[in-house]
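J.: Spelled out from the first residue to the last, the chains are:
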Amino acid sequence: MDPLLSVRDLSIGFRNGAGGHWWPVRGFDLTVEAGETVALVGESGSGKSLTALALMGLLPRSARVEAAGIRFAGQELTGLPERAKRRLRGRDLAMIFQEPMTSLNPVLTIGRQIAEVLRLHQGLSAKAARAQAIELLDLVRIPEPQRRVDDHPHRLSGGMRQRAMIAMAVACRPKLLIADEPTTALDVTIQAQVLELLDRLRRELSLALLLITHDLGVVAQWADRVVVLYAGRKVEEADAGPLFSDPLHPYTRGLLAASPRMNAGRHYRDGPLDEIPGSIASAAGQAGCPFVPRCPAAVAACAEAMPPLLVPAARRAVACPVAVGLPLPGSPLNSPSAASPEFHP
Amino acid sequence: MPKTSSPALAAAPPLPATANPAAGTPAAAPRYGRRALRAFLRNPTAIAGLVLLALVMLGASLAPLFYPDDPLGMVGRPLLWPGRQWSHPLGTDSLGRDVAAGLMHGARISLLVGFAATCVGLSLGILVGAVAGYRGGWLDDALVRLIEIFQAVPSFILLVVLVAIAQPSVATIVGAIGIVTWPTIARLVRAEVRALRSKDFVVAARGMGYGHGRIILREILPNAMPPVIVTSSVMVASAILMEAALSFMGLGDPNTVSWGSMIGAGRELLRTAWYLTALPGLLIVVTVLALNLIGDGLNDALNPRLEKDS
Amino acid sequence: MTTPGRLTRRFLRTALQAIPTVLGIVILNFLLLQLAPGDAADVMAAESGTATEETLAALRARFGLDQPLLLQLLGYLSNLAHFSLGYSPRYNMPVAELIGQRLPGTLLLMATALALAFVVGLLLGLVMAATAGRWPDRVVSVLALLFYSIPGFWIGLMLIVLFSVTLGWLPSGGYQTIGGPSGGGPAEGLAALLDRLRYMVLPATSLALFYVAIYARLARAALLEAQTHDYVRTARAKGLPAWTVMTRHVLRNALLPVTTMAGIHLGGILGGAVVVETVYSWPGLGRLAYEAVMARDFSILLGVLLLSSLLVIAANLLVDVLQAWLDPRIEAS
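Protein chains in written order, with our numbering: chain D, 1 to 345; chain S, 1 to 310; chain X, 1 to 333.
Keep in mind the hints are simulated off the structure, nothing from the lab.
Hints are supplied without guarantee of correctness; some may be wrong.
Claimed, not checked - Restraint-style ranges between C-beta atoms, simulated for each label pair:
| no. | chain 1 | residue 1 | chain 2 | residue 2 | range |
| --- | --- | --- | --- | --- | --- |
| 1 | X | Leu318 | D | Arg141 | 39 to 45 Å |
| 2 | D | Pro3 | X | Glu225 | 53 to 59 Å |
| 3 | S | Gly213 | X | Gln17 | 31 to 37 Å |
C-beta: ideal position from N, C-alpha, C; glycine also.
Just chain D, same shape as in the assembly (with noise of 0.2 Å):
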């Protein structure tokens, strides 16, 4: 069977003052099968927010989106007219924001604008909708729907808000929700709940989840799957369990040594966590691997062209041949007790 969604070849780019374009995102492949929860993991500043709305079609006009196919659902997303694509977005496809605070209508209930989508795109009429968006609050753990579906957004609080964006996102039982840093504006006791919520309606709704988040400990906890991104390259993917034992990817390696969580065995005051060196912007404008200045490995080869995605075991890739004990010509570039987190003070 095709998986839900398979994105082949994309890239995002966005014009720069010289005229050209520049890609934040580049040669992106991914698939999301079926009820399975795949997460998007990296920076910010990575490509994934974009790489998020660029699936859904909102990115500005501005934008240059090219991909040698999206299929999504046995349907084939690129050249599909803007209102073919509008009417997947909010019944198949569905999205929730980071900012639960600012991603609800300050001047409409949240009723309306959960019984907007019902009948935008099911037809319903006014009350059987109001009905409906009554039960949606039920659904994601809404005390007193009744009262609340015509309350404002001001008058609850964040994790209720999106609460109440998540069931404005499954209201038409999407086959795929998209979830972009869905509690990073959250307290820490709510996100557990928020991400309890959404695994629960995954299963109970049956939809596939596309968790984009920079927080491994989220990961490892409710990910089937996960992608890691880097300034715009995918460098690793693997389920999660093998991924979290066994990272390949310096890049990778590096985040689980800087994740506080990955680390719950340590305590703050036994020393700082490892930090990855350098940042994500230095990338830019690099014609090979985009890690190449923070990356403990990286030999001169590293840094002439992007290696290629290599397969080293089954439901595995890794973009680094030095990774996977390929050898590579040239020296290293960046002395260990420099760059490597292993020697960080």
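Once you've looked at the hints, dock chains S and X against the given chain D.
T.: Same frame as chain D, now just chains S and X:
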């Protein structure tokens, strides 16, 4: 922007007066001013406004040269249409007065009233706004109430009442327009002063023991000026419109010719000699448009927030 | 809290806050009345034509004009409390009654002009925001700036030249056809309404033009600002068509700043009505003010000033409640 002094300067210990922290502002201001001026001069619509205004000013200043006699005097056959006779290129009115002479002399009155009334309004507004914003407390409350009262009264009707009571003359019209326009400026200046009052460089100046007058005049007001400058060009425009409306209603200075009074007189002959109404009105539109174009250009140049908007 | 309850409380609170302003306006009016040359006794004496110093003094005593200023103010206030604004010898009528007669005409003209300006301004703003930076935006921007620079009374006269004198389509003044639109006696129903509308077109347009420009510029800025909000992205993610996103999600939020400005400009529209009414002989407050100026009848002039100020305050009160209704985040307290 000079509105925010650099934290490094604010953190520095008090220095001798020659290098006081507030000096960061005057030092930055010319550079900012030059940049704003460059931005203003690169703006084609602003240049168009400047050119139009310059033409009107030129016409006004040449009036005594071209038409040294009283423009209210009768010089030719009445109701001569424009373009019929070389000696009166824009025709004559019902009393045989030269329209071109009236327009050029009228420009003097319009510009004089426009700029003078704006000066009166600005002075009153800045005074009240600066005192209210700087002092705060009960005085601020009282002045804000006063501003509210003046803003609730329809300004043109108040203007009519004031001029009618004081008897129309150029001086009373200027004063009355100033009286009805100051609240806008006062409100603006008060808000700016309140925002600037607690800024680092003002606090530093206070710490050095400068008097309130010096702090207001030297430290706060120069930084509060950009929005005031933008508003003042629009104020000149609206003062010209007010003067024209007053003169049209017969409340202009009876001893001078003005565009508004020309329209008022031409109105009686609207059906037969509409040029008497159209020509002075067109000049009002051109002058006011020029000032509004300049205002827009100043706003774009002095208000960097709006840059990405255009 | 329910919406009606919230709005009522908001209304009461704002009304309470307006009381000192109203008092201030009354005092301002009183002071201006004191400054005005001649008092009621002068006027009456002039009317009767036979005035000696003694009769003048007697008249002044009778009207309390020889009392100290503070007592006179109290008298003025108590008169106002009885809705008395003095007497106009010229019209031989109480000023309050005169103003009452003319008020509906002005209100009608203002409301029409305001509605026209609001709708047209909003539409132009929508066009500009939708094409921001491209040529329709530029053309409309220049047009708006031009409208912003045209004196209402002059465009009124020019419209008369074009539509009444040259084309003969619309009447040049007045407010209804004397003897009915067809000449066969006063019209009724729809015909009368249409007749009134024909008289309304030119004055309302002249008055509205300036405010069309203001609202168009304001709406453009507000719409562009509202479009950048996250909830607009949410609305698009729902699959709503661009037009629905604009009208349902962007527009309502953009209306907030525009209605605020509409309230602020009410005084300006009243002032504009004064001049436009004189152009079109429209029987309203403005025309009355003009006649009062010509006759130097200050009791009428100040009555108009007082009433129009109160009108502005009342209208601002309404705008305030309207805003609270549009924006649920504004709470009563």
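J.: State for each hint whether it applies.
T.: To see whether the hints hold, each was checked on the structure:
1. Leu318(X) - Arg141(D): 39 to 45 Å: 42 Å, holds
2. Pro3(D) - Glu225(X): 53 to 59 Å: 41 Å Cβ-Cβ, so the 53 to 59 Å window is violated.
3. Gly213(S) - Gln17(X): 31 to 37 Å: This hint holds: roughly 34 Å between Cβ atoms.
Against the hints set out earlier in the document, a violation occurs for number 2 only.
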